[in-house]
Amino acid sequence: MLMKLALRNVRRSMRDYAVYFVTLTLGVAVFYAFNAIEDSRVLFEAQEGAANVFLASGASIFDILAQIMTYFSVVVAVVLGFLVLYANRFVVRARKKEFGTYLLLGMSPRQVSSVVLMETLTVGVIALLVGLGLGFLISQAIAFATAGLIGVAISDYHLLFSARSAQLTLGCFALIFVIVALFNAVQISRCKLSTLLSANSRNERMPVRNPIVCLIVFVLSCLILAKAYSELNLDGLVYFGEHFRTATALMLVGTLGLFWSASGFFILLIQRLRGVYFKRLAMFTMRQIAAKVNTAFVSLWTVSILLFFSIVVFSTGFSLATVFADQLEENTQFDASIRASLMSLDTSDMEAVPAEQYGGEEEKAAAIEEAEAQRNEIHRLWQENDGSTAAYFKSLIPDWEERVTGSAQVDTWLANDLTNKQLVENCGFTLDQIGSSEDSSMADEGVQYVSLSQFNAARQLAGEKPIELAANEYLVDNTVDKSADYAKVLGKKGRTITVDGHALTASGQVVSQSLQVSSMSCLIAVLVVPDELAADRFAAGDLPYLSELNVNLASDSQEQAMKDLMAEYGKAAPPSEYLAEIGWTYDSSAWPVSYYDTSESIIADSMGIKLLLVYLALYIGFVFLMTTAAVLSVQQLSEVADSIPRYRLLAQLGCDRAMVLRSLRTQIGIYFVAPLLVAGCHAACTISVLYKNLLSLWGSSAVAGTLAVGISLVVAVYAIYLASTYLVARSAVVSGAGKKLLA
1 MLMKLALRNV RRSMRDYAVY FVTLTLGVAV FYAFNAIEDS RVLFEAQEGA ANVFLASGAS
61 IFDILAQIMT YFSVVVAVVL GFLVLYANRF VVRARKKEFG TYLLLGMSPR QVSSVVLMET
121 LTVGVIALLV GLGLGFLISQ AIAFATAGLI GVAISDYHLL FSARSAQLTL GCFALIFVIV
181 ALFNAVQISR CKLSTLLSAN SRNERMPVRN PIVCLIVFVL SCLILAKAYS ELNLDGLVYF
241 GEHFRTATAL MLVGTLGLFW SASGFFILLI QRLRGVYFKR LAMFTMRQIA AKVNTAFVSL
301 WTVSILLFFS IVVFSTGFSL ATVFADQLEE NTQFDASIRA SLMSLDTSDM EAVPAEQYGG
361 EEEKAAAIEE AEAQRNEIHR LWQENDGSTA AYFKSLIPDW EERVTGSAQV DTWLANDLTN
421 KQLVENCGFT LDQIGSSEDS SMADEGVQYV SLSQFNAARQ LAGEKPIELA ANEYLVDNTV
481 DKSADYAKVL GKKGRTITVD GHALTASGQV VSQSLQVSSM SCLIAVLVVP DELAADRFAA
541 GDLPYLSELN VNLASDSQEQ AMKDLMAEYG KAAPPSEYLA EIGWTYDSSA WPVSYYDTSE
601 SIIADSMGIK LLLVYLALYI GFVFLMTTAA VLSVQQLSEV ADSIPRYRLL AQLGCDRAMV
661 LRSLRTQIGI YFVAPLLVAG CHAACTISVL YKNLLSLWGS SAVAGTLAVG ISLVVAVYAI
721 YLASTYLVAR SAVVSGAGKK LLA
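In this text, residue positions in the sequence shown follow my numbering: the first is 1, and each later residue adds one.
Hints should not be assumed to be uniformly reliable.
Below, computed lysine to any residue pairings styled on SDA-like, alpha-carbon distance capped at 25 Å [stated by the list, open to error]:
#: 1; residue 1: K492; residue 2: Q513
#: 2; residue 1: K563; residue 2: L396
#: 3; residue 1: K421; residue 2: A443
#: 4; residue 1: K279; residue 2: K692
#: 5; residue 1: K227; residue 2: F244
#: 6; residue 1: K692; residue 2: C427
#: 7; residue 1: K493; residue 2: M520
#: 8; residue 1: K692; residue 2: A249
#: 9; residue 1: K488; residue 2: K692
#: 10; residue 1: K465; residue 2: E532
#: 11; residue 1: K279; residue 2: M659
Note that these hints are calculated values from the structure, not bench results.
Can you make the complete structure from the sequences, with help from the hints?
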């Protein structure tokens, strides 16, 4: 009998359950889809190009994703649990009078709680089934998206259902249902019969604020937010220092003040516009909105902050993922790069360090002496091998030429008589404009240059044609988008500069040629100069700032081939005890090798980071977005339920259906759009700062498309909840106020 009543109630109260059902269904779908990612590995690991599925460490991308998704799923489950409870609150509140009627007719509180439990389970089971079905479809779409992200073609596709993810989803939401059922039972049992029967007639007291005070607070809040944006721009979201902390605090305070004062300020403003205030139901609409904002400004503040976070996570997550992927082809033109960080041999920085950090003057002197001894030994080996890293390796590895099919060394020198800051300013730019800063180490460093012969050797190894220069000419090699304009000015034909005593003239050529294997473009206007400059520095006994040996390998397995090559080198240069403990098979020093990168490892790691960023952005951003939209929806529906007597009075006074529903649409629209606008302003400022200081280094394409995707997702989810809220509220107003009166 109770079950029959529960099923009838579910059919009759679908309007009340709409938001609860949508929230639960979307929560189940997202939870299942993202936890099913690990099981989609079977579609990829046997396919052509499956090397992209494995990181340089040998671990599968899907293992890493599964581990991180599990951690975040705990947080998501807690958020979804809170959200389901919050949405369920509205269902119980909207039907308190009905529950009171049951008690009045003789049902016990336990029987009423049982009916509510059966209703919750019925709606929950339906939502679970629909959510799992939707999640199953989403997981198939994610599988194809994954294939596109990591560059693997799925030749043998088949539908894949993740039993593990389904069990996890069922277990998690079963626990949520139990908590919801207990919450409902306790809430109903604690309510008095009189409270339940009079629930629909209870109105919340609307606090009245002084409009002048609201105006002052509103203006102050706008000024505080302007200061917050200014502080954020100073910090640049790079160092997260004092400016960042100040900007965050000011943004929180300013946003709270904005919502606190908004209702009073806008009522004051609209009242001054007599033609608007007394038109149709504008007076009623504004009072309704003011009442909502007055009593819910804290929740609107919270919603706005979460929306801001969602928009930023969506947009920047996708943008960073695009950055990691778009530059791989141009930065992996060689099989591997063996790097020698010769700049570490410079002892001038050690002199400036306080002796206390070394443990005393004697310890500092000993450390400097050891560093100088190491420099002298490396300098001796460098001179003996004519500065050729490949020649030194050949002397230690007998089968070097069988293992390495081609190599090209690129030595980067720093000019002694021309700093980056001087050259940048001479070209009419600032360091900030080219992707650096005035207080960075780059400012006082010498301008970087490489010799023409080594540059052309690297181009030929990458399959490109060599470039010719006339005597005393230079060209500019630039791979960073933000410094492209500077590179064009620096490389403009006829410009003259002096580098290490050599007067040079620009040839007019500006190229984009990567000189090493890396995950990101990093060459900011590097000069390519005649060989005489490097030869003079070598003859003077100088060492380059950085030396990189780019190699192509005989083996198709780049990572394993390099491990074997370095292990062979390690026989002559064994690792220290510490390096051996962490798995190194060779000695890492300033020369001939500090470390190495292979294209294979860079591609795999970049694909892994790209997948991780995209999926975390979607997962976290979507859940936060759904949470904020659902909270707004529940608040609106609760407010509409409380305001039914007011709508009934409007109908009795002669207001027609169109007029009342227009007022309802305006209220719901403003309540949804207001926090979105504030969040959008915060997000626009944050994203612009991120673009200026980080993303612009690699071009506007990293942001434009992905920002549109992020905004589209926000609008889509928001629109679903906005439409659902309006339809449910419309039905409540029409039925509550009387259909005939609103005809």
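Evaluated hints:
Of the pairs offered as hints, the one joining K492 and Q513 holds, with about 18 Å between alpha carbons and a cut-off of 25 Å not exceeded. Pair hint K563 plus L396 holds up; C-alpha atoms about 16 Å apart against a cutoff of 25 Å. Of the pairs offered as hints, the one joining K421 and A443 holds, with about 5 Å between alpha carbons and a cut-off of 25 Å not exceeded. Simply put, K279 and K692 have alpha-carbon atoms about 46 Å apart, too far for the 25 Å limit, and the pair is violated.
Only pairs whose Cα atoms come within 25 Å are accepted, and K227 paired with F244 is accepted, the gap being roughly 12 Å. Between K692 and C427 the CA atoms are separated by roughly 20 Å; this keeps the pair inside 25 Å, and the hint holds. Of the supplied pair hints, the one linking K493 and M520 is violated, its CA atoms being roughly 29 Å apart against a limit of 25 Å. With a C-alpha separation of about 22 Å, the suggested pair K692 and A249 falls inside the 25 Å cut-off, and the hint holds.
With a CA separation close to 20 Å, the supplied pair K488 and K692 stays within the 25 Å bound. Restraint check for K465 and E532: satisfied, since their Cα atoms lie roughly 22 Å apart, inside the 25 Å limit. Between K279 and M659, the direct Cα distance comes to roughly 11 Å. Compliance with the 25 Å bound is thereby established for this hinted pair.
Going down the numbered hints, you'll see the structure goes against 4, 7, while the others check out.
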